[in-house]
Amino acid sequence: MFGEHGFFILACYGVSALVLGALALWIVLDGRAVRRRLDELEARGVRRRSASRENG
Amino acid sequence: MALMDLANPTRFLALSGRVLPWLAGLALATLAFGFFLAFRAPADYQQGETVRIMYIHVPFAWLAMFGYSMIALSALGILVWRHPLADVAHKAMAPIGAVFAFLCLVTGSLWGRPMWGTYWVWDARLTSMLVLLLLYLGLLALRSAIEDPNQAGRAAAVLSLVGFVNVPIVKFSVDWWNTLHQPASVFRMDGPTIHSSLLWPLLVCAIGFTLLMLALHMAAMRTEIFRRRLRVLEARAAAEAAYA
Numbered sequence: 001m002f003g004e005h006g007f008f009i010l011a012c013y014g015v016s017a018l019v020l021g022a023l024a025l026w027i028v029l030d031g032r033a034v035r036r037r038l039d040e041l042e043a044r045g046v047r048r049r050s051a052s053r054e055n056g
Numbered sequence: 001m002a003l004m005d006l007a008n009p010t011r012f013l014a015l016s017g018r019v020l021p022w023l024a025g026l027a028l029a030t031l032a033f034g035f036f037l038a039f040r041a042p043a044d045y046q047q048g049e050t051v052r053i054m055y056i057h058v059p060f061a062w063l064a065m066f067g068y069s070m071i072a073l074s075a076l077g078i079l080v081w082r083h084p085l086a087d088v089a090h091k092a093m094a095p096i097g098a099v100f101a102f103l104c105l106v107t108g109s110l111w112g113r114p115m116w117g118t119y120w121v122w123d124a125r126l127t128s129m130l131v132l133l134l135l136y137l138g139l140l141a142l143r144s145a146i147e148d149p150n151q152a153g154r155a156a157a158v159l160s161l162v163g164f165v166n167v168p169i170v171k172f173s174v175d176w177w178n179t180l181h182q183p184a185s186v187f188r189m190d191g192p193t194i195h196s197s198l199l200w201p202l203l204v205c206a207i208g209f210t211l212l213m214l215a216l217h218m219a220a221m222r223t224e225i226f227r228r229r230l231r232v233l234e235a236r237a238a239a240e241a242a243y244a
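Heads up: the protein sequence lines correspond to chains A and B, in order. Numbering follows the UniProt record's numbering, in which position 31 of the first sequence is assigned residue number 31; successive positions increment by one, without gaps. Numbering follows the UniProt record's numbering, in which position 56 of the second sequence is assigned residue number 56; successive positions increment by one, without gaps.
Hint data in this document are derived by calculation from the structure and do not stem from the laboratory. Given the structure is predicted, the values throughout are model-derived calculations rather than measurements. No residue lacks a Cβ here, since even glycine has one placed at the ideal position from N, Cα and C. One or more of the hints may lead you astray.
To be verified - Pairwise CB distance ranges, derived in the manner of DEER restraints:
(1) B/A145 to A/V28: 23 to 33 Å
(2) B/R82 to A/V15: 35 to 45 Å
(3) A/A33 to B/A235: 10 to 20 Å
(4) B/A242 to A/V15: 48 to 58 Å
(5) A/R37 to B/D123: 23 to 33 Å
(6) A/R36 to B/T118: 19 to 29 Å
(7) B/D148 to A/F2: 14 to 24 Å
(8) A/G6 to B/V232: 48 to 58 Å
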């Protein structure tokens, strides 16, 4: 497909997609885990002092 | 309203919550268009098809330096203004910048093998880019080694400002030293030396990757703000449990 150096071209795009996909997934899953623990604490009635001000 | 007033974590969360989905979508659409152009562009007269590696390798290199410049700016925000959002931005960018620097080195190495006959040489450009990756990893290690988040933030800010000296070295290494790596062909005083049929796909890909980096950074910043709120709530819950 890309001549004699096709392996190097496909390896570059493959590794990049894999690593960037893993980074994006880690950021999304980490964010979800933190939000879930935050929601659990708030559901138990533990709130920040400024939370009532922010919620109006 | 002053800019500093706008840059508070609560306002940032509200604004970024609305902007982030659009930014991520725009990044993916721009990248898709960029790759479409990149794979329709002609092969290079010297490098043949391997020039297609340029469309990802060069943006990775630019963004590895851009990410570190953002970190250095945030470090000023931490040390001069002690702004909490600057510390959040600083911490959130380090792993993202590290990934871009890593991918720059990997794709460069895979490009070097067919073009230079070797995966690696200790020339000034490659070595200074490796130093940039090590600086990113150093920032991550430093933050995780110091327990107090404020102290960790200040120490990381000092390290990142000292390390910023490496960014112009990466950029100008090909001019200051005799390197196997080619000299700059886009950002030059006398204009780009690269043909427009290759330049435009490169610029579109670079814009796409820039938008992607900004989207990832925004998402990571949101998580970091929530993580700090979680830390406060966990401390409060522990204190309440101790009094009960």
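Given the hint of 23 to 33 Å, is the C-beta distance from B/A145 to A/V28 inside that range or not?
holds (27 Å)
For the pair A/R37 and B/D123, does the Cβ-Cβ distance stay inside 23 to 33 Å?
violated (47 Å)
In this structure, is the beta-carbon distance linking A/R36 and B/T118 contained in 19 to 29 Å?
With a Cβ separation near 48 Å, A/R36 and B/T118 fall outside 19 to 29 Å, so the hint is violated.
Status of the given 48 to 58 Å range, CB of A/V15 versus CB of B/A242:
Given about 50 Å between the Cβ atoms, the range holds.
Given the hint of 10 to 20 Å, check if A/A33 and B/A235 actually sit that far apart at their C-beta atoms.
Because 19 Å falls inside the window, the suggested range holds.
With 48 to 58 Å as the target window, see if A/G6 and B/V232 comply at their CB atoms.
Since A/G6 and B/V232 have Cβ atoms about 53 Å apart, the given range 48 to 58 Å holds.
Outcome for the supplied range 35 to 45 Å, where the beta carbon pair is B/R82 and A/V15
holds (40 Å)
For the range 14 to 24 Å, tell me whether the beta carbons of B/D148 and A/F2 fit it or not.
At 52 Å between Cβs, range violated.
Violated hints for the displayed structure, listed by number in ascending order: 5, 6 and 7.
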